[in-house]
Structure formats: C-alpha cells, structure tokens
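Residue numbers (this note's numbering), protein chains in the order written: chain B, 1 to 248; chain S, 1 to 228; chain G, 1 to 279; chain V, 1 to 376; chain P, 1 to 202; chain L, 1 to 447.
Each hint should be verified, as a subset may be incorrect.
[Said to hold, decoys possible] Straight-line C-alpha distance at most 25 Å; calculated PhoX-like pairs for lysine-lysine:
no., chain 1, residue 1, chain 2, residue 2
1, B, K43, S, K87
2, G, K203, L, K253
3, B, K101, B, K36
4, B, K201, V, K361
5, P, K105, B, K43
6, V, K360, L, K13
7, L, K435, V, K361
8, L, K253, V, K254
9, B, K201, B, K156
10, V, K361, L, K255
11, P, K105, B, K106
12, L, K160, L, K132
13, G, K73, L, K435
14, V, K360, L, K435
15, G, K186, L, K362
16, S, K64, P, K105
17, V, K87, L, K446
18, B, K36, B, K106
19, L, K13, L, K255
20, B, K157, V, K37
21, B, K36, B, K70
22, B, K36, P, K136
23, V, K361, L, K253
24, S, K200, V, K87
25, B, K156, V, K150
26, P, K105, B, K141
27, V, K150, G, K273
28, L, K283, V, K81
29, V, K361, L, K236
[Unchecked claim] Far from chain G, some chain L residues (derived; all Cβ distances over 10 Å):
no., residue
30, T33
31, K63
32, M97
Hints are computed from structural coordinates only; laboratory data are not their basis.
Please read all numbers here as calculations on a predicted model, not as lab measurements.
Just so it is clear, CB atoms sit at the ideal spot from N, CA and C, and this is done for glycine as well.
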Amino acid sequence: MNKLKNTENILILGLFLGVIGSIAALALAYIADLTKQPITDMKTQAVNSALRQVLPEFDNDPGQNRVVVKSADKQGYDVIFYGALRNKQLVGIAGQSVSLKGYSGKIQAIVGLKPDGTIRTVGTINNTNKPISAVLITEHKETPGLGAVVCDRVRKKTIFNMFKTADDANLPPPNPILDQFADLKPGKIPWKTVKEGGTLKYVTGATISSNAIAEVTYRIANTFASERSKIIAALTPAANNVIKEVKP
Amino acid sequence: MNLLQDFTRGLWKENPILVLLLGMCPTLAVTTNATNGLGMGVATVGVLVGSNLVISLIRNIVPKKIRIPVYIVVIASFVTAVDLLMKAYAPPALNDALGIFIPLIVVNCIVLGRAEAFASKHNPLRSLLDGLGMGLGFTLSLTVLGGVREFLGSGSLFQIKVITAWTEECMLPVSAPGAFIILGCFLAGMNYLNIRRAVKRGEVYIPPQGLGCHHCRLCDIGKITEDS
Amino acid sequence: MGEYLLAVLILAVIGVFLGCIIGIAAKLFKVQTDPRIELVTELLPGVNCGGCGMAGCADFARSIVTGENPPNKCPVCSQEAVSAIAKALGIEVGDTVKKVAVVLCGGDKNQEKVENLYNGVSDCVSASLIAGGPKSCAYGCLGMGSCARACPFGAIEMLNGLAVVHNHLCVGCGKCVEVCPRNLIKLVPTETKVHVYCSSPEKAPAKRKVCNVACIGCRKCVKAAKEGQFAVKGFKVEVNYDSDNLPSEEVIAAAACPTGCLLTTQTHYEIEKNAGVEK
Amino acid sequence: MSEEVKNEPQLPSGNELILSSSPHIHDRENIQSIMVKVLLALMPAIFMGMWLFGADAIRVILLCSIFCVGAEILWCLMAGKPTSTVKDCSALVTGILLALNLSANVPWWLCLIGAILAIWLGKQIFGGLGHNPFNPALVARVGLLIGFPKLMTSWVPTIFMGQNTQSYSKAFFSDSIWMNVLEGKLDGITCATPLGLAGEAEKIISGAGAPQLFSGITTSEAYLNYFWGNVGGCIGEISAVALLLGGVILVWFKLIKWQIPLCYIGTVAVLSWCINLFFPGVTPPALFHLLTGGLLLGAIFMATDMVTSPMTGLGAVIFGIGCGLITCVIRIWGNYPEGVSFSILFMNALVPLIDRVATKKPFGYIKRTTEKGATA
Amino acid sequence: MSETSHYLQITIGAVLVYNFVLARFLGICPFLGVSKRLDTAAGMSGAVIFVMTLASLITSTVYNYLLKKPITLFGHTTNLDFLQIVLFIVVIASLVQLVEIMLQKLSSPLYRALGIYLPLITTNCAVMGVATLSAKSNYSVLDSTIFGFFSGLGFALALILFSSIRERLELSQVPGPFQGMSIALITAGILAMAFLGFSGLC
Amino acid sequence: MSSDISYKTVSFKGGVHPAKDGKSLSGDRPIKTAPLLEKYQVIVHQNIGAPPKLLVAVGDKVKKGQLLAEADGFVSVPLHAPTSGEVSAICDIPGPMGVPVQAVEIKSDGEDTWTELLSPLDWRNAEPQELKDRIHDAGIVGMGGAAFPAHVKLSPPPDKKIDYLILNGAECEPYLTADHRLMLEEPDKVLEGAAILGRSLGVSNVFVGIETNKEDAIAVLLKKASAYNVGIVGLKVQYPQGAEKQLIYAVTKRKVPAGGLPMDVGCVVQNVGTAAAVTDAVKAGIPLIERVTTVTGEPVKEPANWRFRLGTPIIKAIELAGGVASEPGKAILGGPMMGFAQKSFDVTIMKNTSGILLLDAKDVFQYESNPCIRCGKCINACAMNLSPGPLGAMIESEKFDLAARAGVMDCIECGSCAYICPARIPLVQHFRRAKAEIRRMTQNQKK
Ligand SMILES: Cc1cc2nc3c(=O)[nH]c(=O)nc-3n(C[C@H](O)[C@H](O)[C@H](O)COP(=O)(O)O)c2cc1C
Ligand SMILES: Cc1cc2nc3c(=O)[nH]c(=O)nc-3n(C[C@H](O)[C@H](O)[C@H](O)COP(=O)(O)O)c2cc1C
Ligand SMILES: Cc1cc2nc3c(=O)[nH]c(=O)nc-3n(C[C@H](O)[C@H](O)[C@H](O)COP(=O)(O)O)c2cc1C
Ligand SMILES: Cc1cc2nc3c(=O)[nH]c(=O)nc-3n(C[C@H](O)[C@H](O)[C@H](O)CO)c2cc1C
Ligand code: SF4
Ligand code: SF4
Ligand code: SF4
Ligand code: SF4
Ligand code: FES
C-alpha cells in the first residue's frame, strides 16, 4: 500500500490516473444513459406546460407539431405556431414570438389563438366574468416590480392561503394588462396603449413594457390572420408532424 | 462522541460560510430566495457526501503525487452526476435559478477542502458524517440567507407571503448589491456575537480578515515546487 | 456501449497523460522545500506577534530549521510545544524562562496629585512629545494606553488611568516594553509575586509632591526581606528580578510599606479595578 | 488701581496651563461651519423645491432630515459613540441632499429606508464622517432606485404645470390624465421628466424618428422652464437657477473644488454636443442635458462632497471628467434615463486610485528618486 | 445582430454590465481574498486575465470539437457532453500547472509577477465559470477567447477598484463587528450598485 | 520713503496666512535690555549635537563670559557664563521639552565683570578658518530656532560648493518681532555679520530675506546693504516663509532634495540674530550670552522685545514685561505656530528662545478633534507638498511604514496643516509621533 502511495514512477502515476478516469467515465456514462430520457422529457415538458396554459386540452405533443412563419409586418421576425390536437383534430393554435422593444430588450410571448384568429380566453377570474386571456410571457428581463408586473402571471401565496388550493388552480393567474387581450381580433391598425394613441391600458411607470407586449401580441395574432390557411394546413395531422418552413 | 463532533463541526463552529468564508459564489448568487438556497445546499450535500465517501475509501491507495488530480476527478464526477440528476428530476424553475452554479460546485473550496483535510485522513464513516455535517451547515446558511433576502425583499418565505401588508416589493435585497450587503451584515452579526462572548471570557476576538481558503489545497494541485 | 467506450477512452488517455506530466515535472523540479518548516510552523502558535524578532511565525519556523534561532525564542510557545519542536528537529533546548510584563507605576488617577490639562492625541508617545506629557510625575504612567494597543494579546487593560497587565494573558513578547515612552514596563520572571510599583528616581519629597504612592526609599521592604531580594537604586527600591530567590508575598505584611507601593500583582489589579475615579 | 492689579497673582503655577501640540492657533473654519455654509448654499434649491412642489416637498425634506439625524443618533447610541457628532451637521446635509434626490410624493417609509441606507450603510458602517468611500446620499438614492424603481420614478408635476403653459406641459402628461390635469381634479397624478421622455423617445423610435420626438421637449419655452424649475423631477434637481446660485455660494466660500463641477458639466456638454451633432436621433442637444436631470445637483453638490472626492486639484479634474463620461454613457446608451448618481458612485470608487495618481510629489522629490536610482 | 454589435455585446457586457464578480458572482473568493493590497491585486489581475483567456481558448476548443456534436470513433457515434465538467476542470487545472512550470523555467521576472498567483486561481469559479458560460452560450472558439479575455478584464477592474478602496478602509475606524470580511462584502455591495448603472448598455 | 527703494518679492508654493499675526503687540517696542538678576540657571545642553563638557563645579567663582562648558566634539559648542558670580548649584530644572535637564545655577555677584575676552579680529583680512574658529569659540548656534552649531554649517564638506548665503529675516511666525527689531535697530551688526559669514564661507552671493510686512526694516537695511555687498530680498507674507527650504526656494528657486541639506544645493541659511552675534564675536570677541527675545501675547501687560541673558527664568521675563493682565491659558516657548507649550514657568531662556508667548485662557479653547473630511486644505497648505490628512490617518491607525513611504520624515513640522484643518486634527503631533516611532524602528532594525 505504502509503496503505491509514495511512488514516483511516472508510469504508475499515469496509469493510476488513467484507471481512475476510466472508472469515473464509466460511471458517468452510465448515469448519463440513465438520465437521458428524463432530461428530454423535462425539456419538452417546459414548452408543453406553457402551451398547456394557453391551449385547450390536447393529446398530442404540440411542442413537436409546429411551424415557423415570418411575421406579417415589416420587421419579419420568426413566429412559431404550435398546433394542439385532440383525436387528431386541430383544436387550438398557439403562436410564439418576441418583441425587442421591452425596457431591457427581448420579451417573448406565447399566445393562444382560436381558429378564427381571436385571442383565446382561458377562463374567468373567480366569481367574476373578467376573462383571463391566453397570453403568457415566457421570457423577459424587465425591471422587477415595474416592467415585470406587466409581464408576470404569478399567484402570490400567503400564509393565509398557503394550504388552500385555489379554485382556479388550473388557470394561469390573472394579470390585467395581459388579460385585456382576451377575445381581441387583429385589425389593420396595430394595437397600442392609450399613451401611444391606442386603446389599451398600461401600467404607469412601465409604459415601455406595456407597449412591447402589445406589439408582440399583435404580431402573433396578425401573422396568424394573414397566413391562416397555410398555418392550419401545416399543423393538421395530415402534415405528418414535420416541421415546416412556410414562406409568406 | 468523535462521530457526533464530526457531524456537528460543520453546523456552527466551522460553518463553511459564516466562519470559514468558503464557497462565496453560490452563497451570493443563488440565495435570492430560500428555496434556491435549499436546492443549492442539497446539491452540494450530495457532492460532498459522495466525494468524501469515495475519497476516504481510496485514500490508502492513491499515490501522494497525484492525490489532488485524483480527488478532482472524483469530485467532478459526482458533480456531473448531481447535475444530470437535477436536470432530470428537479423542478425547471430551480434548475434555471441555480444555473451554472451546479457545475461550479466542482471548484467550491469546501468540497476539495474536506476531501483533502478530512476524507483523505479518516475512515469512511467519519468522512461521511463530516461531509454530511459540512454540507448541512452549508445548506443551513444558504437557506437562512436566502430566507432573509426573500423576506426583506417581499415579506415572504419559500415564496409564501408572510406579511401580507407588505405591498411594495423591495428589489434591493434580492439584487446583486443586496447579496453582498446582506452577507456582510450576516458576518457582522456573527462577529458581534463572537466579540460579546470573547469579552465575557476576557479574551480578544479578531474578526476573520481573510478566507478560510487555505483549507482547500486546490492551489497545491500537483504542486511540485515551493517558492523558496 | 460505444458511449461508454469512448468516454472511458478519453478520460483514460487524459488521465495517463496528466499523471505522466506530473511525474515528469516532479522529476524535473525537485522538491525544494524543507518539509520540516511546515511541521514547525504548525507547532508554533501562529499569532504572528513578532515577539521572536522575525517576520511572523512562518519566518520564525524557517529560522529555527536553518538553525538561526532556537525554538525557545518564541515567547508565546508553551514549554511542551518548544520541546515538541526540538524533538522534531532533533536539537537540544534549554528551559525557557517564561516572562511576563509588569507596569511599574501605581500612580493612577486617584494617586496622582497634579496634572496638566492636555489637549491632543490620546497616545502616550504623542503625549510624551509635548512638554513630556501632562502628568506631573515625569516617570509615571501616562495612562493613554499605547502599550495596551501595542499588545497583540490584549493583555494590558487600562484601568483608572493606569496600564495593568493581566498575567494570564501576557506571553512576554515585549511589544509593550518597546513602545512605552516612559520605560515603565519590565519583563520579569512569571513567578514574581510582588513588585515595587514606582519607577521614579527622584528624591522622596519631590515624588510625594506629585504622587501618593511613590516609593520613598524607606527600605522597610529591604529590611523585611531576605538578602538580595530587593535592590536599592538611587532613591527607590526595586525587586531584584535577577535573583533566584524572589521575594514572597509575606514580605508585604512584614514590610508595611508606608506608601503602599509594594503590592502583589493581584492586589494591584484589584485596587485599580475597584477604585473609581474620585477626582 | 495699580494696587488692585498687584493683588492679582494671575500667573498660574504652571499646572493649569493647557498642554497641546503646536500650532497653538487655528483657523476659524471648522467642520460645522463648513456644513452650515453648505446648507446655506442649498437654500435656494430647497426653497425652489418647496415652492414648486408645495407641502409635499416640505414633508419629504423634513422627514429625511429628521430620519437622517435620528439614524445618526441611534447608531451612535448603539455603537457607544458620543452622539455629539450630530452637531457637525453632516447628517443634516446628507438628509437634505437625500430629500432633494427624491420625488415629492414618496411615502414616509421610503424616507426612512433612505435615511437608514444613507447614514448606516453609506456612512457609519465605514466609521462615520470622513471614512465613507461612497457618497451616503447617493448610496441611499441608488439603493432606493434599485429597491423601489416604481416609487423612485414616478414624479409629480409642479404647481405651474397646467393651463398656463399648456403646450409645454402636454409633453409631460399622458393624454388620459391631461384632462384631469387641466381641470385640476386629481391630486395624485404623476408626470414624466424630460430625461425620461428623451429616453423613451430613444426606445420607441430609435434612429431617424427621434429628433422630432425630442422637439417637444427642446423648445425655447421648455428650456426656460427647465431653467426656472417648472418641470417634473426630484425636489432638488429641477431648478437650474437655484442650483447655480448654490454653486456660486460654494465656490465663493471655497468649500468645493471648482474643478469638479466645471469638468463634470463641461464633459457632459462637449460629449452630448458632439453626439447630437453627428447622431441627432440618439440624444437631445447639449443644453438639454445640462439643464435637465440631476446633472447640476450632482455636479455642484454631490460630486463635490469632499469626503468622497479626490483631494487635489488634478484629482478633481480627473474625477469630474470621469463623472461626465459615465453620465453621458448611461444617459445615452444605458437603461436608466439618469446617470448622475451612478456615475458619481462609480467615480467615488475610483477616488483612492485617483488620489494615488494625483498626489503631489513631496518638495524636492525628484532629486530623491535619482538618488535612490543611483544607490540601487 | 451585426458582427460589431455582437462583439460589443461580448466585450462591454463582460467588463461592465455583467461583470463577473459584481453581477455574476463568479470568482468571489479571490476577489475577497487577494484584495487587501493594491499591488497584489494588480498581480492577481494580470494572472486572472491570462488564465481566463487561455482557459477559454482551450476549453472552447475542447467543447467545440469534442463535446458539442456527437463524435464518431471506431464506428460508434456518441454524445460526450456529460464529460464537460470533468474535462473542463482537468484541462484547466493541468493547463495552469503547465504554465506555472513553464514560467518558472523560462522567465523568472514574469514568474515573480504572475506565477505566484497562478496556483491561487488554478480553479476558481471565474475560470471554470467562463468556460461553462461560453459553452452554454454556444460561442465559437474566437468568441469565447474574446469573452474570456474581457471577463478577466472585468474581474481585474473590479478587483483593482475594490482593493484600492480596501486600502483606504484600512485607515478607517470601522466599528468592531464590521471589521474584516464584513466591511469588505458591504463595500463590494455598494460597488456592485455603482456597476448596476451600466445595465442596458448592451 | 520706502516706495522709491526697490526689491523683488518672492515666495514659495503653499503655506497659510494666520489670521491673527499679533505682531503689532510688540513690533513697535524698541529692544530693552533686561536688568541684572540675582541668579541665572543656564541649561548646559543648548545646542543640537553633543552636550558640552562641564568645566565648573559648585562653589566655583565665574566671570561674565567665562567658559562654563567646553565643546565636546565637532557638532558641539562651548557655553559661557551670563554674568559674574558663584556657581551655587548644578541641578535638574524643567527643560523646554518637559523633561528635566541639567543646568548650572549662577548666583550673581552684582558686579557683572567681564572675563578676559578674545581679541577682536579684522574680519576683512582674516582667514575663513580663523573666523569659523571664532564663531565656534563664541558658542554661537543658530538663533532661528534649531540651535544648530553655526560653525558646522559654515564648514561644508569640500565636495559641496556653496554659492549662496541667505540670512533669514523672515520672522514669519505670528507674534514674534525680535528679529524685526534687531534688524531695525542694529542693521549694521546684522549686515556686517552677513558679510563675515559670507567671507568665512567664501561666498559672494549674500542675501537677507525679509517678509514684506517689515517695510521699515527692509528700508533701513536697503540703505546700508550696498556697503557690505549684501542683497535684500523681499519675501511674500506667507507662513512658513522662514523655513529653510522654502526660503532657499523663494530666493534661489533651488529645491533642497527631500532628506537633504541646504548645502546640497549650495546654500547656507543663518538667522539674522546669528549674524548679529557673529559680528559681536568677531569684532569684539564677545561670546553668545544674551539674545533678543519677544515677550508677548494678549495677557502680557507690556509686550516687548528684551535682551535677556541665557539662564533667565521665563517667569522673570514675564515679570519684566509687567506681568499679566488676564489669566493665561497657555505658555509657549517660541511662536504660536511652532513653539512648545510649557507646563512650568521655571524654564530658562536659551540661545534659541526667540519668544515667550502667553495665550489668553479664553483663546485656547479645548478643541475636539474630528475625523479628516478630506477637504484637501492641508495639502494646499503644506509647504513640503505632503498630504498631511492621509498621513495623519495612517498614523492614527499606526501604519508607520506607510507614513514613512508617504514622506512623513520630510515634514518640517511647520504646523500650517494643523492650523488650517477644519477638523482640528493635531496633525503635527501625529507627525512627531510617527517620526519618533520610525526612528525607533530603524534603530531597532540596525540592531
Ligand atoms: C430603474 C428603472 C427601471 C425601469 N424599468 C422599467 C421597465 O421595466 N419597464 C418600463 O416600461 N419602464 C421602466 N422604467 C421607466 C421608464 O424609464 C419610463 O420612465 C417610464 O416608462 C415612463 O412611463 P410612464 O408614462 O408610464 O410613467 C424604469 C425606470 C427606471 C429608472
Ligand atoms: C421600516 C419600514 C419598512 C417598510 N418597508 C416597506 C416595503 O419595503 N414595502 C412596502 O410596501 N411597505 C413597506 N413599509 C410600509 C408598511 O409595511 C405598509 O406596507 C405600508 O404602510 C402600506 O402600504 P401601501 O401604502 O401600499 O398601502 C415599511 C414600513 C416600515 C416602517
Ligand atoms: C516652519 C519653520 C519656520 C521657520 N521660521 C523661521 C523664521 O521666521 N526665522 C528664522 O530665522 N528661522 C526660521 N526657521 C528656522 C530656519 O529654517 C533655519 O533653521 C534658520 O533660519 C537657520 O538659521 P540659524 O541656524 O541661524 O537659526 C523656521 C523653520 C521652520 C521649520
Ligand atoms: C461641499 C459638500 C458637499 C456635500 N455633499 C454631500 C452629498 O452629496 N451627500 C452626502 O451624503 N453628504 C454630503 N456632504 C456632507 C458630508 O460630507 C457627508 O455627510 C459625508 O460624506 C459623511 O461622511 C457634503 C458636504 C460638503 C461640504
Ligand atoms: S505604561 Fe507606558 S505606554 Fe502604557 S499607558 Fe503607561 S505610559 Fe503609556
Ligand atoms: S503585555 Fe507586553 S509583553 Fe505581555 S503580551 Fe502584551 S505586549 Fe507582550
Ligand atoms: S505636513 Fe509638515 S510640512 Fe506639511 S504643513 Fe504639515 S507640518 Fe508643515
Ligand atoms: S485639512 Fe484636516 S480635514 Fe482637511 S484634508 Fe487635511 S487633515 Fe483632513
Ligand atoms: S466559490 Fe467562487 S471563487 Fe470561491
């Protein structure tokens, strides 16, 4: 034992390290193999869980059933549309795109659309008929407490309700700015906040974020409206679940 | 008795964060709330316990010269394992929050420090307990720090609002500057307690001026020469 | 399976490569350090007080190993540690004479009779540069704690305008001795029980004019003690710290010092601790 | 009479004499008098703020002053230090400067948190007056800005921003509340700051369209209003004329190094002028930058805080230029519409280095180095 | 995104906006440990810039050519990205070791200026972090080398500023409990506040 | 009258203007000669360098001007009896620095008979060495404050060529007027002394630097200066204009290197009082046994300039000045900027005592010192271009090595920084302490 411990023989040193490395590699390869599936599951789940919130119930993997379209406006951003199927029937479409006009840059949104292009309503706030829209901000860097208020849908738990499961637990939490898009249908004029001369509400101190959200939401809805038939065609099961590029 | 000490040492007397000031990066980065602190802590415990155990097992056959590289390989393997497991099974939000700090456990001085200072000299049981104790001390500090930051920021703990009247969220404690400042105040609190105790016993107490990073012999990795 | 193979292969190659490099490097760059230095450093107390005259414990360790210094030059080291070092290095050391500091002045705020107003830096060295300091006794403790600040072990406490050494904390490093502008502090053998707490060489009347507890040189203590235990120096008496036969505590009662400057360390401390400032 | 005098043996025996080091005479100026003079110089800005924002401003100024002084006393009590340090008025100066850096509508607890950040975190933790490397009022302001961005960026209009200057004021209100402003119905309304508008303009229409957007806020009417202070913003930053008057007082009393405000403002002017010249869509003209935002407040009162600025003239020049550069960079390209606080704070961090570079060489120094070189 | 703005983002982002120490919390240990004196901080800074650049270069090479895409050897095709952590740390550690040894052999002034700091940073979060971040952001070898250099520069900037302040604080009467690491952390916090002003620059 | 006489006004960089210069108290009072006292206590060690060796014992009879102690080494000067009488004691008396010092007490016999004086010299033809020996034998030290043996300054090593002799008549210290009166009343003595010193150095560039607030003295000297081939330079009223290095810079624009001596730039500086004493010693063989000292301050009833013999207790000096009218709070030997606070009135006048200053109790407020607010005033005030504030901070936290590196050893302790400091930091005291500690440390290192 001691001989090994104090050895200075280069060969032995090298071999020892090699053996240790091999064992480690073997073990890691085994673990990597084990976790391969769970990790991919986890990844798709992340997209799907967002989609689940904006789409009606589906039984396919909408993360895989998607199509990328260039937006209808001048900027020409990518808009990704996901198709939700139930019994191989297209039941809902969600669009995903970004706006670069957020206070701190990129804001990414996923918007659930009805087949006719209006923005979905996923439910109503408890006991009221105020709708909750299918608009979800999936990525943003806005100022916490300011721009983030406009973007985030979070259900604040408090000590008083921490054990209570909310009645609307399966709905996304309400957010008045995002919810005002419920049932809107894109027209010719882009949606704008009051401050920009439009009609949408905004949060004082976070006008820029509000504007950006209006922009991205309109982009998705508008792109869908103008490319509607192609998108629907691409997302119906006959399209064989292949990702397609649709030229506008 | 010894075993108990092995376990409790890391909890308070040699607490890796508050006393030895080790592993400051994850301490500051991931403690934006109690949950993240806890998550990071648990990940570190996994690595610490595993590597301590394995290193203790092979301690008698590792050639002295390549001791540190061997330890590093062992530790890195455990970190990879934990990383993969977290990616597979931990909630995505936690994974996002911990970000690159899971891979960085590999260079956390506590892990190699314990390997070198303890596991390479003691039997597997004691090494295991030591790793567990140190890890729990680390976890505890991270969780408390995360809790304090979260509470100061929004009056909640583990994302549950504790003070409901707290309407305006304060971003300072959760921000990067806040992390430094609140940890600084933590240390000041520790110093205050230690000073008081020292005064009572008629001793002098000198607040830690530097890091306990000499506990980690990472710098010695394959060290051949000493500047004379 | 291929995954496994490849992984193993890559890590094995890297491992062998690394191991070889380290091995070669170890050959090329022979160990230059003396492992004994590290050993000795670990045995030393590690307070870096500089009492040994070197730049910190590590430096001292080096000097022990090179034979520059004997291990017992560290004033802080316990006898056991010293012998442990000696054993480790296979050298001989004699016994260390442990010393402690004593501030030979009893002129606290109550005993000092006249004092100037002083407006300046609260530091003995600084004060001594202004008309010799505000204290009328030109040999008394200025009470501004330079020594206390200089002591790396916190062994000196300022009580009642007087520096008092805590024997159990003092390691005899001599920092305070160096700093005191009035040269009041002496390193004495640890066993010393009693001291004459006065350092003024002036004549008795001059001393009494400025201080209640001056040594007036009446020699009662000299008579009460054994031969050679006290030494008369000018107009004052001093314990003969070099003698093998240090005076015992009984000498205090026997001598009945008229001014009360002959005290044990303990009573001296208690007096200062309990005396509030009356003035 | 002469007898009387003889009966007075006034020559003391010596023991009553005070011992102290030379020099035995001192200049009259002390810290308290300096701080009082700074307060004096702040008066114009304080009055303008109080007048233009009304009772709200008075409340904030009072609260901040009281909280800052209170925080100082409390810390001293806790730390066992003499509380007499409040007499030097530095906590009061900090408090007032903090108030001048806040909007008039902030809640009371924001003042409290600000005071604690300023006095404890900014000053006392480092050992109190003179030891703080960062400007306490700015530590508080930046801390609050990070902590409560919403409260720190919602401004109230001045009492004059209404009917009389309709065309001008319209730029600062959103349409929906404009009617309410006209009718004077709301008391809790907010308005924008010119810099905020400029920043928004940049973000909304970057490039070509922006100069038009700037045009609303760079009319001569607007400039005049900026000069007098009829514009939304912090209590103390709005009135350029009051701040300039304060600056004149400070320079007159030789309390500040004139190099700092001069170089600071000069750098911002030159830089923004150049950029506006070549890229008019990126930023409004130089004069706009000089009159709006906290530039004057920062350059005259906050960058000049002697504790946190370099000690020598050369250092002051470097410091001023650095502040100006960073302010411009943040204003023009950064997220924050206002870069003054950050730039001063950043340059505070550089002060030890600047001091190192800019210390004078001791008298006869050059000779010594050559000597050293010769011996070495 | 155009080429220039891409590089601007990498450089300014690494130095100011996402400063490694003050915003990303990487390399805090050397930041706190080697900042007591300005000259050691300067030496350390040099060493960190050097090592981070070199480590980025090497690890991104390893990443781009070994780990990123499945590779085929002896007819087997596999994805080796699970070896990332082990490979990175081993490569970085041996690299630094090699550099140190070479420096010592080749240039003793350079060794004295940088070499003594090299072992200190063999592996800290900053070096490992820069490698991991480049890999995560899918940078090319050139990108990550630039990223490594400027991240090191950002680290150096923060370290030098911080150490000069700490030198000044040495002369201050910091209240007892706050002495030592505590005040250092708080100062770093305020420094981070100042750096926050640069947010949005890229 | 003086307007038609021209001189150039020069200065250095930095310095302060003490608001209260107090010179009017005694500036227009002619020098009075103090009457003979009953006893004098002459401090033995009055010069920088080695103390002289005592030649007398208790009971010895001495004559005025007789040697009491002889020089002991090169940097040392003899000491002479201020009057005739008997040595009644050799004892410790309070010294000017607060520590007891050895003094010879001479009980005057009232006759004041001179001992046999050295023969007068014809200085225009005498050898320089002869002159230097005479200056040494007369016990002459610098009377501007430092008490550095004059002959040592006059004997530079051969490799240092001296081309300037500057007489220091700046008297920049507030309150003090002794040099002013001396120049006004005995211009010939001063100028002749300058010429003698110039000859002993072999220097033809001889200047007298005078602050321009002494217009009358400048006028008087200008009139006579050409006779002695001496130039007069007006100095801007700026403290510390009289400091050696600053004076040299003002007059010659040469900078004495840090840690160096005036002779490194070819200059020698002597006080005007020294020059007058040299004239006496050379032309009449009279040793240095008396000097002009200003007794002044608000509490003093009749502030004036007096010619005191060495060994006069300051209590007597104050009594001669009519005693005090109000209670003094501080007694200072020297001027208010650099003088030393005293705790005893038994200190006696020495060769370098240029003034006795009493400050009113209500003027010497007990100030509290605050932390440095980094206002930078001290930096602007420091004539040596140091950074006193940061230096003070280093010393306060006992970082003496840093202070040494930052140049604390170059400080001339002029007090400008502490005067101007709004935080009332006792900077000079800090610097004295630092110098003491640094000297101790270097000594320890040598050991
Ligand atoms: C620190 C800071 C953070 C800000 N964050 C945001 C933000 O995230 N979103 C936003 O729209 N505006 C943000 N703003 C505010 C804008 O600069 C601008 O003042 C605001 O949008 C003005 O709009 P209002 O008319 O709604 O007040 C922020 C301002 C500051 C100073
Ligand atoms: C020291 C102190 C700190 C406070 N901090 C906060 C805070 O961070 N956020 C907040 O909304 N309210 C804070 N408050 C105020 C109260 O907790 C309470 O939330 C507030 O008065 C009512 O909120 P509202 O004005 O939004 O109704 C603080 C109060 C005190 C005394
Ligand atoms: C701050 C300062 C001020 C001085 N002021 C005077 C002065 O006003 N007059 C003077 O004769 N010497 C003054 N001196 C002393 C001179 O520097 C120098 O020692 C003296 O002129 C040399 O002449 P002496 O050797 O004849 O005294 C001053 C010194 C210092 C440090
Ligand atoms: C000219 C001048 C400007 C000052 N500016 C500030 C300031 O901006 N912020 C502040 O907190 N204190 C300021 N003070 C007050 C004081 O210096 C401050 O409280 C110290 O920084 C605290 O150590 C200023 C003082 C002066 C003399
Ligand atoms: S013993 Fe000496 S150093 Fe200590 S307080 Fe007394 S005088 Fe000062
Ligand atoms: S009291 Fe003096 S000798 Fe004793 S430990 Fe302290 S400094 Fe050293
Ligand atoms: S530092 Fe020294 S030389 Fe400079 S002003 Fe102060 S006392 Fe004079
Ligand atoms: S004058 Fe005083 S307060 Fe001003 S910088 Fe100098 S030491 Fe500091
Ligand atoms: S934990 Fe990041 S460098 Fe130590």
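These are the hints, each one checked on the structure:
For the proposed pair B:K43 and S:K87, the alpha carbon gap of about 9 Å is at most 25 Å, so the pair holds. Between G:K203 and L:K253 the alpha-carbon distance is near 55 Å, which puts this suggested pair outside the 25 Å criterion. At most 25 Å may separate the alpha-carbon atoms for a hinted pair to count; B:K101 and B:K36 exceed this at roughly 37 Å. Distance restraint check for B:K201 and V:K361: the Cα-Cα separation of roughly 63 Å exceeds the 25 Å cut-off, and the hinted pair is therefore not satisfied.
Between P:K105 and B:K43 the CA atoms are separated by roughly 50 Å; this puts the pair beyond 25 Å, and the hint is violated. For the hint pairing V:K360 with L:K13, the CA-to-CA distance comes to about 12 Å; that is within 25 Å, so the pair holds. For the given pair, L:K435 sits about 19 Å from V:K361 by alpha-carbon distance, which is consistent with the 25 Å threshold. For a cut-off of 25 Å, the pair hint linking L:K253 to V:K254 is broken: about 29 Å separates their Cα positions.
The suggested pairing of B:K201 with B:K156 holds, with an alpha-carbon distance near 23 Å, which does not exceed 25 Å. Proximity of V:K361 to L:K255 is assessed by CA-CA distance (about 12 Å); at most 25 Å being required, the pair is judged to hold. For the proposed pair P:K105 and B:K106, the alpha carbon gap of about 51 Å is over 25 Å, so the pair is violated. With a CA separation close to 17 Å, the supplied pair L:K160 and L:K132 stays within the 25 Å bound.
For the proposed pair G:K73 and L:K435, the alpha carbon gap of about 30 Å is over 25 Å, so the pair is violated. Between the alpha carbons of V:K360 and L:K435 the distance comes to roughly 21 Å, so the proposed pair stays at or under 25 Å and holds. For the hint pairing G:K186 with L:K362, the CA-to-CA distance comes to about 42 Å; that exceeds 25 Å, so the pair is violated. With a CA separation close to 24 Å, the supplied pair S:K64 and P:K105 stays within the 25 Å bound.
With a C-alpha separation of about 48 Å, the suggested pairing of V:K87 with L:K446 is violated against the 25 Å cut-off. Using a Cα cut-off of 25 Å, the hinted pair B:K36 and B:K106 is violated, with the two alpha carbons roughly 31 Å apart. For the suggested pair L:K13 and L:K255, the alpha carbons sit about 12 Å apart, so the restraint of at most 25 Å is met. Between B:K157 and V:K37 the alpha-carbon distance is near 52 Å, which puts this suggested pair outside the 25 Å criterion.
As the CA atoms of B:K36 and B:K70 are separated by approximately 33 Å, the hinted pair breaks the 25 Å bound. A distance of roughly 18 Å separates the Cα atoms of B:K36 and P:K136; the hinted pair therefore holds under the 25 Å criterion. In summary, the hint linking V:K361 to L:K253 is supported, as the alpha carbons are separated by about 17 Å, within the 25 Å threshold. Restraint check: the Cα-Cα separation between S:K200 and V:K87 comes to about 34 Å, which exceeds 25 Å; the hinted pair is violated.
A C-alpha spacing of about 19 Å is found between B:K156 and V:K150, which places the hinted pair at or below 25 Å, so the restraint holds. At most 25 Å may separate the alpha-carbon atoms for a hinted pair to count; P:K105 and B:K141 exceed this at roughly 49 Å. With a C-alpha separation of about 58 Å, the suggested pairing of V:K150 with G:K273 is violated against the 25 Å cut-off. A C-alpha spacing of about 65 Å is found between L:K283 and V:K81, which places the hinted pair above 25 Å, so the restraint is violated.
Between V:K361 and L:K236 the CA atoms are separated by roughly 23 Å; this keeps the pair inside 25 Å, and the hint holds. The Cβ of L:T33 sits about 29 Å from the closest Cβ of chain G, beyond the 10 Å cut-off, so the non-interface label holds. Listed as a non-interface residue, L:K63 keeps its Cβ farther than 10 Å from every Cβ of chain G; the least gap is roughly 32 Å. Residue placement check: L:M97 does not keep its beta carbon more than 10 Å from all beta carbons of chain G (closest about 7 Å).
In summary, the numbered hints that this structure violates are 2, 3, 4, 5, 8, 11, 13, 15, 17, 18, 20, 21, 24, 26, 27, 28, 32.
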